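Student: Letter by letter, the chains look like this.
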Amino acid sequence: MCSEKIRKLSYSLAINEAFHQTMERDTSVIFIGQGVKSPWYVGDTALGLIDRFTEERVIDTPVSENAMTGAAVGAAIVGMRPVVVHPRCDFMMYALDPIINEAANWHYMSGGHSSVPVVFWGVINRSGEQAAQHSQAIHAFFAHTPGLKVVMPATAYDAKGLLISAIQDDNPVVFIDDRWLYRTEDYVPEEFYSVPIGKGVVHRKGKDVTLVAISYMVPEAMKAAEELQLKGIDVEVVDPRTIKPLDEDIIIESAKKTGRVIVADVGWQSFGVAAQISALVSEKAFSSLKAPVKRIALPDIPAPASRTLEKAYYPMSADIITAINKMIVD
Amino acid sequence: MCPVHLYTGQEAVAAGICCHLNPDDYIFSNHRSHGHYLAKGGDLKKLIAEVYCKEKGCSRGRGGSMHVYDLEAGMMGSAPIVAGTISLALGAALASRIRKDNRVSITFLGDGATGEGVLYESLNYAALKKLPIIFVCENNYYSTHLPISEIRVSDQIYKVAQPFGVKTHRVDGNDVLAVSDVAREAVSLCREGQGPVFIEAMTYRMRGHVGPDDNIQGTHTDIRPKEEIEQWRLKDPLTRFEKYLVENNVCTQAYLSDIQECLQKEIEEAHHEACQDAFPDSKEIAKYVFRENT
Ligand SMILES: Cc1ncc(C[n+]2csc(CCOP(=O)(O)OP(=O)(O)O)c2C)c(N)n1
Ligand SMILES: [Mg+2]
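In order, the protein sequence lines correspond to chains F and W.
Residues in the first sequence are numbered consecutively from 1204, following my numbering.
Residues in the second sequence are numbered consecutively from 290, following my numbering.
Okay, chain W solo, but in the shape it has when bound (with noise of 0.2 angstroms):
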């Protein structure tokens, strides 16, 4: 299978910038972007097809779990070379501001992403313009092997926004109600034509960079330590929501496990068909380079 980049500890993040975006509003992501992806809207079965490389994905097994595509959900593109669909949402914003269409664009980073001198580029220009656009940049504290000590001086990722002029926060990313806060102002700051806006979501992913457990190419390589791992589970976020919920008397334990209930049979029957469906005929292979022009 492709390698698959799990988003599992980081869902809040999507969940609390996502819910304030209109199915026409654009995002890009990077390679962690399956939770993006679902909080924008997307298909679940479309996405498991994807994953597994077939035909009925949603970029129709061309791209697999790094490139997941749903123009309808405005899910504009991701893609897996760090940093690389930054512009392309400042672009997207570029348009929005041309066009007059009171679309937002999201672009999703990590903390890896800091490394590459286009964030910066596109942040210069994005607060020059006034751009419709939110960078969210979700530090989960490594970019694969390594610490976020060993790639920057600083953790405070926020602050590379001040310079350029350009609004920026600091939200704890495993809060789905502080990300959604921050988001809901940031979206409207937007629309109002007083973007960007930059937002710097702290978070942590449970499993390994790509696959459960980094063992994609037979070497275990998650060196991150164990005890710092299950300090993080135990602010995970959809615990930490539910318990929320049921605190608040917003809704009963028992309604959340028929949620969740539903929720894991419709995952199961994504795989199951993903596995049932086709994978793409081979004499289909030069399909889709090239558009077709009508």
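Bound-form chain F, shown alone (with noise of 0.2 angstroms):
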């Protein structure tokens, strides 16, 4: 890759650029949700794509989730590959029918004969004392149903590579990505790439301890890593970047290395992500383990409201530092 052409770009403009990309190429491409066309709901994800593209494909649509995420999955079957945007993993509860019943089941129950290539994007939208139905976070419900692969990009580079493999994917795939994310900015080149689904990445390799990062809790626990470093305490931080299929290798030979692993996920605790992340590891380097597994997700309490309960509610990296302390001086 010639370095020229590699610069700094937003997470939420690598998302734009992967659509400008990838609507070029592929006139099957369409782009359909609520809010496509403001900016108050997706951000500058969406810049330029109406003028370039049209609202033929760049369709902002009523509020109904249920029959426009149905009416993605229709589109689908026979031939189009749409992305249909839900501005927050909330409103997307509607439309768990055609995401769940229909477009997960769908290539199995017709024997393979039928297949569903459609992106469900949604975006985890918390904090600011918006309370419970304003921030919640369900990817697990989504890697829990058989049929639905699941990407949660937590860079830039990332973001762009995993929505090109979305779309290019001729599966359902969820995407899922964190409106904390979309200032962070990473090296993403110009040219068309993709990040394989169900590959991992490790961020920052280390020694002592395995800490896997979902989403936005990657650069909380890079912040983790960079101040325990000083303390001397060599983290080790993996990125699975999907979640289902799970990259089940990088976190076990990561494991075996260290002995000690902690799961920090954007979810909830119970029945989730990092409940699963910790069964993988007991199973298959139980014995290489100096400590118990442990999580740090969201406590099993709806998103509050005010300020001083989200300021328990939602964990950072000072969380990681101290649960890695524990970890290491138990």
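No wet-lab data here; the hints were simulated from the structure.
One or more hints might be untrue.
Said to hold, decoys possible - Residues from chain F that face chain W, not an exhaustive set, calculated with beta carbons under 10 angstroms:
| # | residue |
| --- | --- |
| 1 | Gln1224 |
| 2 | Asp1263 |
| 3 | Glu1268 |
| 4 | Pro1422 |
In this text the structure is predicted, and so the values were computed from the model without any measurement.
Each residue gets a CB set at the ideal place from its N, CA and C atoms; glycine is no exception.
Since each chain sits alone in its own frame, please combine them into the complex, following the hints.
Tutor: Listed below in structure tokens is the structure:
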């Protein structure tokens, strides 16, 4: 890759670029959902798309999540490649039927005859005292469902590459990002590239603790790792990037090396992604473990409104540092 | 501060409807619920404290501006999931039917909520069982950034109720007396077992979708033409009603000014107190996930 073609780009503009490049290459790609016209909903992720690809292919919709998501599934069944956006995961609840009952099961139910190349894009849009119905992270529901792939990029590079992979995949892919990541920047090549679904990445090598971080917890994990380095604790930060299918090898390999695993997720703790990874590690790396696996996730509580409660609700780098210190001392 | 969807401009709808309700009638509402709550007899201080997410708020700072609850006032809950509480009001009406308690349930919804299928499912069932529910659709011509022409072929929302056999009205939502006339009849029909009723109230919000000018996320997205906003300012429901009262010698302008002064004081005091109030204690974050069984 020639270096002059690599420049820094924000996470949201990396998504935007993925749209421009896929829609330009493949006329079957359409972008549909509530608010695609409005930066209030989708930030700058849709910048210039209507001007370039017209409202035929960039479709703002009435508030009809169930029907619009179903329409995306139907269009996919007959050969389009729709991306349907839900500017908050909370609004996606109305669309669980087309996502789970229909799209996820479709290929299997048809005995492999029919397929659904659709991307369900949901944005985690929390905090700001927005409370329980404007903050939820429900990636674990989707990862629990057979037939859905679930990706959660944490960097601008991965956002572009994984969105391109998701659009090109012949199966329904749930693409979940976090509004808190939109302003983060990364080196993003201008050329069209993809990041493989199902492949994790080690953002930082270390020998003392494996810190598996999901989505927005990746920058928090990196912050924690840097601080701990000053105290001589060497943290390896692993980002699965895809929740399902999970890159088990990258996690197990790291767990075997360090013997200590902490998982930081943006969803609720119980029955969630952190629980799944914890189970995986105890099944496949048990004899290497020097300590029980630790989960850092949201408590099993609805998102509160008040800022004092929010502060206690959302784990940040300080909580990771505390957990790692405790694990090392114990 | 939490996202606040101001009711300014639409006051006549809540006032005209709720003045016919008993304290134990039920209302369910959406994200723009402050006016509904106050008109139903809500407590201003508890409301303002909730907007500041304080422990003394009507939802104890757990819900914020978009989740207003006050069971004593018959405010059964508001939720910003568009159309999210329509079927809940349906259920409350069903309960009233089963318990024969003669209550009426109101669901407040916006024009945007006509996009959600649950409205039609609820209309059908309410009509089928003649439930005591009034669907109050506040048509303010916009759902966030989309004018009604971009979400529906017809802006005549009241007609959506017709195929279900639901009695339906369209009313000037900025004329409190007109709203009240329609509501009086709707409420009594519901009490007589002749519900449901659909009311479309034509109105306009004088502020942005959220916050005073939509600036909550740093982007100015109120796309409504300035002239249009000014046109509607001339139809402001409060000035209109004041004019009516004075012209018909119901009261004097001085009397109205006195009321206004009192209210202004009350509002300022509520804000002042709410600012002083304590936030919820973070040690109590897990309280209210479940109710303690008694
Ligand atoms: C299920 C769902 N989808 C999308 C949204 C985002 N949203 C918030 S308010 C709103 C539009 C509401 O318009 P309307 O019902 O006309 O009420 P108004 O704001 O005009 O009072 C939308 C789409 C939401 N809150 N819930
Ligand atoms: Mg509206």
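Student: Next step is simple, just say for each hint if it's right about the structure.
Tutor: Hint-by-hint comparison with the structure:
1. Gln1224: Result: violated, 25 angstroms to nearest chain W Cβ.
2. Asp1263: holds, 7 angstroms
3. Glu1268: holds, 8 angstroms
4. Pro1422: violated, 20 angstroms
The structure fails to meet hints 1 and 4 from the earlier list, while all remaining hints are met.
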